[in-house]
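Colleague: So the protein sequences, as listed, match chains A and B. Quick note: the numbering used here has the first sequence finishing at residue 142, numbered continuously throughout. Quick note: the numbering used here has the second sequence finishing at residue 142, numbered continuously throughout.
It is possible that part of the hints are untrue.
[As the list claims (entries may be wrong)] Straight-line distance between alpha carbons at most 27 Å, and here's what the computed DSSO-like set of lysine-lysine pairs gives:
1. 27/B to 32/A
2. 32/B to 23/A
3. 9/B to 46/A
4. 32/B to 27/A
5. 8/B to 8/A
6. 32/B to 125/B
7. 130/B to 32/A
[To be verified] Computed footprint of chain A on chain B; a stretch qualifies when at least three of its residues, placed anywhere within it, have a C-beta under 8 Å from a C-beta of chain A:
8. 36-49
9. 117-129
Keep in mind that the hints were calculated from the coordinates and are not lab data. Quick reminder that beta carbons are idealized off the backbone N, C-alpha and C, glycines included.
2 protein chains.
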Amino acid sequence: MLEVTSIKKGIVLDHITSGNGLKIFNKLMLDKVNYPVVLLMNVPSKQMNRKDIIKIENNIDIDLDFLGLIDHNITMNIIEDNKIVHKKKVEIPQKVNGLFKCHNPRCITNFDDYVKPTFQLVASKNLEYKCDYCEELTAYKL
Amino acid sequence: MLEVTSIKKGIVLDHITSGNGLKIFNKLMLDKVNYPVVLLMNVPSKQMNRKDIIKIENNIDIDLDFLGLIDHNITMNIIEDNKIVHKKKVEIPQKVNGLFKCHNPRCITNFDDYVKPTFQLVASKNLEYKCDYCEELTAYKL
Chain A
1 MLEVTSIKKG
11 IVLDHITSGN
21 GLKIFNKLML
31 DKVNYPVVLL
41 MNVPSKQMNR
51 KDIIKIENNI
61 DIDLDFLGLI
71 DHNITMNIIE
81 DNKIVHKKKV
91 EIPQKVNGLF
101 KCHNPRCITN
111 FDDYVKPTFQ
121 LVASKNLEYK
131 CDYCEELTAY
141 KL
Chain B
1 MLEVTSIKKG
11 IVLDHITSGN
21 GLKIFNKLML
31 DKVNYPVVLL
41 MNVPSKQMNR
51 KDIIKIENNI
61 DIDLDFLGLI
71 DHNITMNIIE
81 DNKIVHKKKV
91 EIPQKVNGLF
101 KCHNPRCITN
111 FDDYVKPTFQ
121 LVASKNLEYK
131 CDYCEELTAY
141 KL
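The following block holds chain A by itself, in its conformation from the complex (with noise of 0.2 Å):
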């Protein structure tokens, strides 16, 4: 039913969980692109029930810890000349550079401009990270 036949050059997002998938889509701003993209939600999956796909038909620059951040179940799938060049698991980051906020309304990060919140990853279930400046602990949340 729903498949989308191989893209030729670009990035497929697979094994996305259901129900990410339109937030990864706004997160990686693809409603603004000119080039094709494909946002497939609810496709059955043997794996995983039902998944999320994002295929892009362009050679962009995706942050693997952001990803690894928002949903650590995602496959990233580089093609070129419509085969698969490149698989890559994503995993949740160990440290993570500026990607969210310290929760420390107080932490210097929150009001100097110039120094970029940076975080160590405590515990993974929750995505529970220290700040590395007031080590206040921040669950992030997509």
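Using the hints provided, position chain B relative to the given structure of chain A.
Modeller: Positioned in the frame of chain A, the structure of chain B alone reads:
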């Protein structure tokens, strides 16, 4: 390339003006459903250069006035057993029933919950509608 094989049963919204696809996807709240849906953006098109397409693997009720208001380029195809059984080009609606608000802040439809705004088309070019209650002109914007 990014072609999508036909769906078995459901609805295909074709010839969506490039760039409008995600807005319509959101308006139809297709990110909240549990059946397969596909959004294609910037698909090459002979007729339109680039177009967006939405495929819905389910028979849902879509308000044609609503689609006509949003994007009158759209063709709606009803699919059954992998075949198009009904094809309809949407049109800009002559009358509109409660799909947007009257721009006149003093119009009764804006402070009485029991009075639904209704409008008559005045100018197709900029989707200008006249309120049935206060005669104020309101141009619809997606």
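Colleague: So, for every hint listed, does it hold in this structure?
Modeller: How the hints compare with the structure:
1. 27/B to 32/A: OK: residue 27/B and residue 32/A at ~18 Å, within 27 Å.
2. 32/B to 23/A: Roughly 12 Å separates the two Cα atoms, so the pair holds.
3. 9/B to 46/A: Roughly 21 Å between the alpha carbons, so the hint for residue 9/B and residue 46/A holds.
4. 32/B to 27/A: Status holds; Cα separation ~18 Å.
5. 8/B to 8/A: Roughly 25 Å between the alpha carbons, so the hint for residue 8/B and residue 8/A holds.
6. 32/B to 125/B: Not satisfied, since the Cα-Cα distance of roughly 33 Å exceeds 27 Å.
7. 130/B to 32/A: Violated - the C-alpha atoms of residue 32/A and residue 130/B are around 33 Å apart, more than 27 Å.
8. 36-49: holds (count 9)
9. 117-129: violated (count 0)
Going through the hint list in order, the structure does not satisfy hints 6, 7 and 9.
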